[in-house]
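A.B. asks: Below are the chains, spelled out letter by letter.
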Amino acid sequence: MWARALWLGLRTPLGGPRGFTSKTDPQGSGRITAEMIEHLERLALVDFGSREAVARLEKAIAFADRLRAVDTDGVEPMESVLEDRCLYLRSDNVVEGNCADELLQNSHRVVEEYFVAPPGNIPLPKLDEQEPFPHS
Amino acid sequence: AIGQHTREHGVSAALKQGQITPTELCQKCLSLIKKTKFLNAYITVSEEVALKQAEESEKRYKNGQPLGDLDGIPIAVKDNFSTSGIETTCASNMLKGYVPPYNATVVQKLLDQGALLMGKTNLDEFAMGSGSTDGVFGPVKNPWSYSKQYREKRKQNPHSKSGDSDWLITGGSSGGSAAAVSAFTCYAALGSDTGGSTRNPAAHCGLVGFKPSYGLVSRHGLIPLVNSMDVPGILTRCVDDAAMVLGVLAGHDPKDSTTVHDPINKPLVLSSLADVSKLCIGIPKEYLVPELSSEIQSLWSRAADLFESEGAKVIEVSLPHTSYSIVCYHVLCTSEVASNMARFDGLQYGHRCDIDVSTEAMYAATRREGFNDVVRGRILSGNFFLLKENYENYFVKAQKVRRLIADDFVNAFNSGVDVLLTPTTLSEAVPYLEFIKEDNRTRSAQDDIFTQPVNMAGLPAVSIPVALSNQGLPIGLQFIGRAFYDQQLLTVAKWFEKQVQFPVIQLQELMDDCSAILENEKLASVSLKQ
Chain A
1 MWARALWLGL
11 RTPLGGPRGF
21 TSKTDPQGSG
31 RITAEMIEHL
41 ERLALVDFGS
51 REAVARLEKA
61 IAFADRLRAV
71 DTDGVEPMES
81 VLEDRCLYLR
91 SDNVVEGNCA
101 DELLQNSHRV
111 VEEYFVAPPG
121 NIPLPKLDEQ
131 EPFPHS
Chain B
1 AIGQHTREHG
11 VSAALKQGQI
21 TPTELCQKCL
31 SLIKKTKFLN
41 AYITVSEEVA
51 LKQAEESEKR
61 YKNGQPLGDL
71 DGIPIAVKDN
81 FSTSGIETTC
91 ASNMLKGYVP
101 PYNATVVQKL
111 LDQGALLMGK
121 TNLDEFAMGS
131 GSTDGVFGPV
141 KNPWSYSKQY
151 REKRKQNPHS
161 KSGDSDWLIT
171 GGSSGGSAAA
181 VSAFTCYAAL
191 GSDTGGSTRN
201 PAAHCGLVGF
211 KPSYGLVSRH
221 GLIPLVNSMD
231 VPGILTRCVD
241 DAAMVLGVLA
251 GHDPKDSTTV
261 HDPINKPLVL
271 SSLADVSKLC
281 IGIPKEYLVP
291 ELSSEIQSLW
301 SRAADLFESE
311 GAKVIEVSLP
321 HTSYSIVCYH
331 VLCTSEVASN
341 MARFDGLQYG
351 HRCDIDVSTE
361 AMYAATRREG
371 FNDVVRGRIL
381 SGNFFLLKEN
391 YENYFVKAQK
401 VRRLIADDFV
411 NAFNSGVDVL
421 LTPTTLSEAV
431 PYLEFIKEDN
441 RTRSAQDDIF
451 TQPVNMAGLP
461 AVSIPVALSN
471 QGLPIGLQFI
481 GRAFYDQQLL
491 TVAKWFEKQV
501 QFPVIQLQEL
511 MDDCSAILEN
521 EKLASVSLKQ
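Chains as they are written, first to last, in UniProt numbering: chain A, 1 to 136; chain B, 1 to 530.
Hints listed in this document are in silico derivations from the structure and should not be mistaken for laboratory results.
The reader is advised that the hints may include incorrect statements.
Distance condition first, Cα-Cα at most 27 Å in a straight line; then the derived DSS-like pairs of lysine-lysine [claimed, not checked]:
id : chain 1 : residue 1 : chain 2 : residue 2
1  : A       : Lys59     : B       : Lys437
2  : B       : Lys400    : A       : Lys59
3  : A       : Lys59     : B       : Lys388
Nothing here was measured: the structure is a model prediction, and the numbers come from that model.
Chain A on its own, in the form it takes in the complex (with noise of 0.2 Å):
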């Protein structure tokens, strides 16, 4: 990933091996770190993709940092706008269903009855194994 490249080349000089600031610095430039992309990355099983991506998530977060102004003192999080009602709970009876066939038709890869995943339980490569990002 183009990741790597970036901050490893720009580690030194500015020292330590991790970035300018920590993850969770409140006073920070909002910076990002390449451990906090990798992270994101492998949650989020969406890929930066670019320099851009990371400049717009800092942007974002700068943004959000707004927030802080705000006196919240007292306030609950408000979940839904419906808070007030009870949600309605249908009886438990199978009223639709067996439809397997239709469900079916909308996979690429399918199996008899099944859908067919690729081996489960390989995470993807860290960072230092990879390529720089060949998608950039």
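Based on the hints, put chain B in the right spot on chain A.
C.D. replies: Here is chain B on its own, set in the frame of chain A:
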């Protein structure tokens, strides 16, 4: 339905009286769709389906048994609503070729009333955006770019389609639906509204853009963006038509547990307000921002004056947390998006890459190939805000601010206000080339400023076209109502619509052999516009 009124209604009456048949109407709209293909409003045109539906509708009219006022009426649906047997893409590579096996509840309700499905309309990818410019099928062009009103102001030859590089955006993300209705290719279109995605393009395209109260209309089958804020939206050319469609769509759905059980008048027919002297209009002072165009500010002020001169009480109110609303929205939206987009892994539906090494590698590559930068950016931001170390400071914090914003509205309404009056957008539609100078997140943050607080509070709101700008482009104003007071809100909007008499778009130059729809203004709406 129609039997309860002695008054005639636009095209609905024409169908009932046999002045026009559903098939003729369908064919006229299909022809207009072809002629306006350059607008790129439609992703899929379901011609065969529509004609078949028209045939069935015709049989019903011949037997004197139409299903209702919407029987035989052409409609369009934004391409993030599931339509059985018809490709549903969300304007994304991730769902190209995906054909849902079921209809969204709102689509089913329209079809059950005999509406003709003309096609699926274009949008920003996964409804993320405020311009309808970021979908894989390309941007949508605002029909007003080609209107006589706009062209004459720019001293351009109204017959020329060349020199097209300065075309205007529709706004978004339901731009395709807006363009489809604005160009007369259908009578109503479904949009979705999470932060203003129905009201914003309505304002830019001179339409009525209605956002129902959260919980009033089923989201089952609407591919979700932000579950706690999404609602299906309605785009029409007049308020009565929007009310008619709302009457069909509203109501509890056992398949959507976030829909309420409140009774709704069916069919929904708006009374005509004799006078507004019992009304109290609130003007939120924090909405007067420096970035608001002077023209819109002036129209807003004149609208307030109009209500006052007609006897309504018009007062200034305060929504103190307004300036934090867009930030709060940004955090909650990206967080919910991070969760909602996790379902796209290539296994059961949608795009799947060729990599077979491992599930993780397959998921990662599928999602890289399937999603555009905007979507990926929001997923990554959302995942950041949801990290253990960030959860309290960002996500929960935003939820707390959300309560403050919702409470601001409650306080305003409790102070005696019936309806709030605000601008819908900061300015009129801008040229595409100007719009793309800033990135999607920046644009959304700017353009959604007046609309997204409404989604945070789950309130009903509607954008009404008011007047043309100095450049000949539509400007809309927004009315916001109390939760579940949708009918009352639309009643006020209908009164206002009648006062301002917004002009009809003049597109005749582009459509040589005229369709009856344009010649006869009576047929422009489902209901008779007063």
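A.B. asks: Look at each hint and say if it fits the structure.
C.D. replies: Hint check results:
In summary, the hint linking A/Lys59 to B/Lys437 is supported, as the alpha carbons are separated by about 17 Å, within the 27 Å threshold. Pair hint B/Lys400 plus A/Lys59 holds up; C-alpha atoms about 22 Å apart against a cutoff of 27 Å. A hinted pair counts as satisfied when its Cα atoms are at most 27 Å apart, and A/Lys59 with B/Lys388 qualifies at roughly 20 Å.
The earlier numbered hints are all upheld by this structure, with none contradicted.
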